[in-house]
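Top to bottom, those sequences are chains C and H. Counting with this note's numbering, you get residues 1 to 579 for the letters of the first sequence. Counting with this note's numbering, you get residues 1 to 292 for the letters of the second sequence.
These are computed hints drawn from the structure, not numbers from a lab. Small disclaimer: the values here were computed from a predicted structure and weren't measured. Ideal Cβ positions, reconstructed from N, Cα and C, are used throughout, including at glycine. Please note that a few of the clues may not be correct.
If the Cβ cut is set under 8 Å, some of the chain C residues that face chain H in the computed set are [claimed, not checked]: (1) Leu300; (2) Val317; (3) Ser325; (4) Thr531.
The list that follows gives simulated cross-link-like pairs (lysine to aspartate or glutamate, EDC-like), each with its CA atoms no further than 20 Å apart [what the hints assert, rightly or not]: (5) C/Lys507 x C/Asp538; (6) C/Lys496 x C/Glu424; (7) H/Lys273 x H/Asp261; (8) H/Lys273 x C/Asp538; (9) C/Lys507 x C/Glu424; (10) C/Lys537 x H/Glu274; (11) C/Lys537 x H/Glu267; (12) C/Lys282 x C/Asp538; (13) C/Lys537 x C/Asp549.
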Amino acid sequence: MATSLAPSPQIATHRVEREPHGWTSWVTTTDHKRIGILYLVTCFVFFMVGGVEALLMRSQLAVPENTLINAEHYNQLVTMHGTTMIFLFVIPVWAGFANYMVPLMIGARDMAFPRLNALSYWLFVAGGVVFYSSVFWNPPDAGWFSYTPLSNGTYSPTAGQDTWIYLIHLTGLASAIGAINIVVTIATMRAPGMGWGRLPLFCWGVLTQAIMLIVAIPVIGAAVTMLLTDRHFHSCYFDPRCGGSPLLWQHLFWFFGHPEVYIMILPGFGVISEVLPVFARKPIFGYRAIAASTVGIAFLSVLVWAHHMFTAPIPLVVLAFFMISSMAIAVPTGVKVINWVATLWRGSILFRTPLYFACGFLVLFTLGGLSGVMLAIFPIDWQLHGSYFVVAHFHFVLVAGAVSAVMSALYYWFPKMTGRMLSESLGKLSFWFQFVGFLVTFGIQHSLGLSGMPRRVYTYNADTGWGTDNLISTIGAFILATGVLLTVANVVRSLKRGVPAGPDPWKANTLEWFSTSPPPAHNFDVIPKVTSVEPMKDLRAQIAQRSRDDGALRTARVRAPVSVAGAVQSTTPGGGEHV
Amino acid sequence: MSSGAPGWGAWSTDPGVIVAIVFTAAAYGACYRRAHRRTGRRYISQLLTFTTGLGLLTLALLSPLDAIGDRWLLSAHMLQHVLLADIAPALLVLGVGPPLLAHGLSPELLRALSPRARLGRLLRSRWFAPVALGLWAATQWGWSIPVVFDAAAGNPWLHAVEHLSLLGSGLLLWMVVVDPLPGQGRRAVWSRLGYLGASRAAAAVVCLPLTWLDRTLYSRYADAPRGYGISGLTDQHIAGAGMCLIEFLVFGVAFISVFLDLLGREEQGTRLKERASESNRDEPAREPVNIS
Numbered sequence: 001m002a003t004s005l006a007p008s009p010q011i012a013t014h015r016v017e018r019e020p021h022g023w024t025s026w027v028t029t030t031d032h033k034r035i036g037i038l039y040l041v042t043c044f045v046f047f048m049v050g051g052v053e054a055l056l057m058r059s060q061l062a063v064p065e066n067t068l069i070n071a072e073h074y075n076q077l078v079t080m081h082g083t084t085m086i087f088l089f090v091i092p093v094w095a096g097f098a099n100y101m102v103p104l105m106i107g108a109r110d111m112a113f114p115r116l117n118a119l120s121y122w123l124f125v126a127g128g129v130v131f132y133s134s135v136f137w138n139p140p141d142a143g144w145f146s147y148t149p150l151s152n153g154t155y156s157p158t159a160g161q162d163t164w165i166y167l168i169h170l171t172g173l174a175s176a177i178g179a180i181n182i183v184v185t186i187a188t189m190r191a192p193g194m195g196w197g198r199l200p201l202f203c204w205g206v207l208t209q210a211i212m213l214i215v216a217i218p219v220i221g222a223a224v225t226m227l228l229t230d231r232h233f234h235s236c237y238f239d240p241r242c243g244g245s246p247l248l249w250q251h252l253f254w255f256f257g258h259p260e261v262y263i264m265i266l267p268g269f270g271v272i273s274e275v276l277p278v279f280a281r282k283p284i285f286g287y288r289a290i291a292a293s294t295v296g297i298a299f300l301s302v303l304v305w306a307h308h309m310f311t312a313p314i315p316l317v318v319l320a321f322f323m324i325s326s327m328a329i330a331v332p333t334g335v336k337v338i339n340w341v342a343t344l345w346r347g348s349i350l351f352r353t354p355l356y357f358a359c360g361f362l363v364l365f366t367l368g369g370l371s372g373v374m375l376a377i378f379p380i381d382w383q384l385h386g387s388y389f390v391v392a393h394f395h396f397v398l399v400a401g402a403v404s405a406v407m408s409a410l411y412y413w414f415p416k417m418t419g420r421m422l423s424e425s426l427g428k429l430s431f432w433f434q435f436v437g438f439l440v441t442f443g444i445q446h447s448l449g450l451s452g453m454p455r456r457v458y459t460y461n462a463d464t465g466w467g468t469d470n471l472i473s474t475i476g477a478f479i480l481a482t483g484v485l486l487t488v489a490n491v492v493r494s495l496k497r498g499v500p501a502g503p504d505p506w507k508a509n510t511l512e513w514f515s516t517s518p519p520p521a522h523n524f525d526v527i528p529k530v531t532s533v534e535p536m537k538d539l540r541a542q543i544a545q546r547s548r549d550d551g552a553l554r555t556a557r558v559r560a561p562v563s564v565a566g567a568v569q570s571t572t573p574g575g576g577e578h579v
Numbered sequence: 001m002s003s004g005a006p007g008w009g010a011w012s013t014d015p016g017v018i019v020a021i022v023f024t025a026a027a028y029g030a031c032y033r034r035a036h037r038r039t040g041r042r043y044i045s046q047l048l049t050f051t052t053g054l055g056l057l058t059l060a061l062l063s064p065l066d067a068i069g070d071r072w073l074l075s076a077h078m079l080q081h082v083l084l085a086d087i088a089p090a091l092l093v094l095g096v097g098p099p100l101l102a103h104g105l106s107p108e109l110l111r112a113l114s115p116r117a118r119l120g121r122l123l124r125s126r127w128f129a130p131v132a133l134g135l136w137a138a139t140q141w142g143w144s145i146p147v148v149f150d151a152a153a154g155n156p157w158l159h160a161v162e163h164l165s166l167l168g169s170g171l172l173l174w175m176v177v178v179d180p181l182p183g184q185g186r187r188a189v190w191s192r193l194g195y196l197g198a199s200r201a202a203a204a205v206v207c208l209p210l211t212w213l214d215r216t217l218y219s220r221y222a223d224a225p226r227g228y229g230i231s232g233l234t235d236q237h238i239a240g241a242g243m244c245l246i247e248f249l250v251f252g253v254a255f256i257s258v259f260l261d262l263l264g265r266e267e268q269g270t271r272l273k274e275r276a277s278e279s280n281r282d283e284p285a286r287e288p289v290n291i292s
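Same shape as in the complex, but just chain H:
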């Protein structure tokens, strides 16, 4: 590592980010406590998932990854984007998955999210999912355009907007995939998985060229000092291949989880139907139908 390149100690102390993270943790804590008070249950897996998501968010925005990605390595910047737009939002939304929100939100918020309220209607509208997917794809593609990417990396305000839009669109996309809102009428499993698959296809538009191209696309990183002994082209290949690998693995894990869940639910549903039809059969027999 050359002198000047950020090392393990290069953590950021950006007050805005720290306040946002602490506020989010506090809000989740309140929601969790309320749900626990109401049901007496502990939602350990959701707590762990949310905490990990928040941890990854902290890692993406405050760790040396941010400093390295700003100016030294495209691969670090891309990893930061994957964490912000995909992994952290996925874990955060999974952390508030059913039934936590239904039991943990205050009555006012529950009312606001109910299907009759404007926000609830908006979140359950049939346009919500395609718009969320479109936004996610647009942010992925838009911020990856070399001129825009380099400009954002060089301007702190634009950089903040970039990160906020990635996180926001990630949260919206995973809202569609996980569907954590309380109440009936959840989207069909296969449709949610379809949206996730489509998002991976959108990500492939960015990650595959980065993986395979034999020339650098981002001048900011191609011309950057080689602080970590990695050439500009190798750095770009790592960025693309890493992004592809993570995006595809996320889909693979989600696909298998949903598949297993689907098999279980289907079997459960079939058994319920069978039990219901058996109990109907046990009822006093009706008059036989004469079909002669």
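Okay, chain C solo, but in the shape it has when bound:
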């Protein structure tokens, strides 16, 4: 066979510099993978802190008339927990996974703007540090959505509320910069052959999330700036005494806040769409329908904000509008769920921990979605607003939804990031603790809400009859925490003693598995040409075909541990791009 040597650009290196190492290399890094890991580690630290705050609250509520925590500290814990979990864990944790995985999945060597990427991470850290510095004097206590007038200078005179505002500014800026980086990276740096119709579904989730961030972040940025000027410069945006309106805050906050829910969950949908076909050993069912549902959800999510305000003085007709638009979101979400179930249907299921978490997600998120449809009906919301039913609903969506997806992503991509497998037995144990713990903690809270227990109360009387349910919920919280700790232990143990993973331990479908584990600084020696939604499957088929053609199949079997990646990179199929 004639070999054609196409001219390719040569890189001349005049001086070889030692690769930087030590902690300074992490602080100064612009490598997307390292920034991704920094994000993930920082987020998990905040997750632990937020979790401890949740356990403290649950301990306080475990028995009636408890005096473990006083009202003021309870309010501070509510605020710190909510803010931490939303702004310092769930949103940035997806930035971590996206940073690490998106360039690898699309066959790029880094993000489009590596330095902006680093800036975005350090702004996020600065936000967290500023916010948590408030624990040394007066932490904010106006709740994670800081409704006015509670958050104004009269009712929250301490600087704690200002740290909350700065947190939103800094993390918002970080998110906006990161989002622009993601959009540009995906739009311009895809591997040859990777059209929009072949973009991995995780990347669709992240791309849509990034666009939503670009739309929503300026609104909350403006709102908190207005709050800041109300607090310190006596402007009157939210003060009715001089012509302002507290309702304006609610509108602005929820115009950001509801897209925010989908900002937190869309990348999770993407993870589920990646994990299910790999462990069902069959292609994703309805790729285009899932991608279209993702953008459909994003579109609808900006039309539903006032369903958080059904008890505010809003005309009935407007409530009906928001009820219909909120219920409409169930349509694209339902499309996704049906496609995921269809992906599993008649698959050769490989029961591994990432799939456990993905299936847990499917069950619990669907339940959370159903209670969401209930709450979207405004007469029902009038009965349940501000009760523990709402707490149960959004934890079903965010903990069962986002956190299950995060866990699934962690177990799925940990081998790629570290080159080591997480322990399956510990992983499955962790899953069952988390699954059961979650159901016990939050399932019972539906009952508490229906019994009339309001949210954000620091204690309750014994004669309300809520004691037993609360005790069960608290026990569940500790079971859930044990599950999370098992995962932490698993990670720590596997970093040292995990089984070496090899480049493609799951026989997965997307390009990140084409590189070594962990990938080198430049990600790929060769960027392969993408020919379908499942490029790794194609590459494996090409390798097998080529091996058969060369009569080298036996040799390949002898070298079994050597990955497809290694073999493919040495044979360069499909006209890939060389370094």
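Start from chain C and add chain H according to the hints.
What follows is chain H alone, placed relative to chain C:
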């Protein structure tokens, strides 16, 4: 319902409207038959779409909606406007989408619409889309000014002009969005979707204030007899929220359709390119290039 308020039987028999609708149906029928004769294909989805559009046009102009909107309910009048300026034109233009016009128009009309003819040039000019969008927005905003709106509702001739301008600008806007003209050089999908999105933003300028304001804007309807038990303010809220909901849903459906279409076309295009490059590779190899 109080006495005097129009009920289900209050259909109009306006001869001008009936003649126009029958004429449009006949013209479409001729076009459809010609296309079927030429290609042997049946364009069922387009036929259904066009018929539904014409049905909605009939509903907007001849049904009790017209009588109720004239004097009793602002929400009925706004719904009529949405049907005239948006839903019916969208369905009518989708009903003549490619390849129906190319096969169904008479040779004279095809010549007139060709890129070389004056009309064809005008419709394909780069100014056509922004002008169509501007006209649509201007009619939406202009006729919603309370004084103008009340005056139009009270004067049959001005009312007819209002409806004609809404329908006409709607047809122009959807010509841009659907781009049904035969021939090459269709506008890019994202640009067409951008025009549709911009039109929704223009509509939001009208529908959002109506939805949220806590005072009535249109004296004709605020002072109208409360024939259906709905207060003037609630009526205005229904008008705004209904308009917003329909306009946004239209955009959502169009967006998803275009997105799905785009993914399909892109995949198809990529496969074609790949096949072409494979067949090129199968050709006899050229001399290797020596890069040493």
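Status of the hints after comparison with the structure:
{"no.": "1", "hint": "Leu300", "verdict": "7 Å, holds"}
{"no.": "2", "hint": "Val317", "verdict": "4 Å, holds"}
{"no.": "3", "hint": "Ser325", "verdict": "7 Å, holds"}
{"no.": "4", "hint": "Thr531", "verdict": "7 Å, holds"}
{"no.": "5", "hint": "C/Lys507 x C/Asp538", "verdict": "12 Å, holds"}
{"no.": "6", "hint": "C/Lys496 x C/Glu424", "verdict": "15 Å, holds"}
{"no.": "7", "hint": "H/Lys273 x H/Asp261", "verdict": "18 Å, holds"}
{"no.": "8", "hint": "H/Lys273 x C/Asp538", "verdict": "18 Å, holds"}
{"no.": "9", "hint": "C/Lys507 x C/Glu424", "verdict": "17 Å, holds"}
{"no.": "10", "hint": "C/Lys537 x H/Glu274", "verdict": "18 Å, holds"}
{"no.": "11", "hint": "C/Lys537 x H/Glu267", "verdict": "18 Å, holds"}
{"no.": "12", "hint": "C/Lys282 x C/Asp538", "verdict": "13 Å, holds"}
{"no.": "13", "hint": "C/Lys537 x C/Asp549", "verdict": "18 Å, holds"}
In this structure, none of the earlier numbered hints is contradicted; all agree with it.
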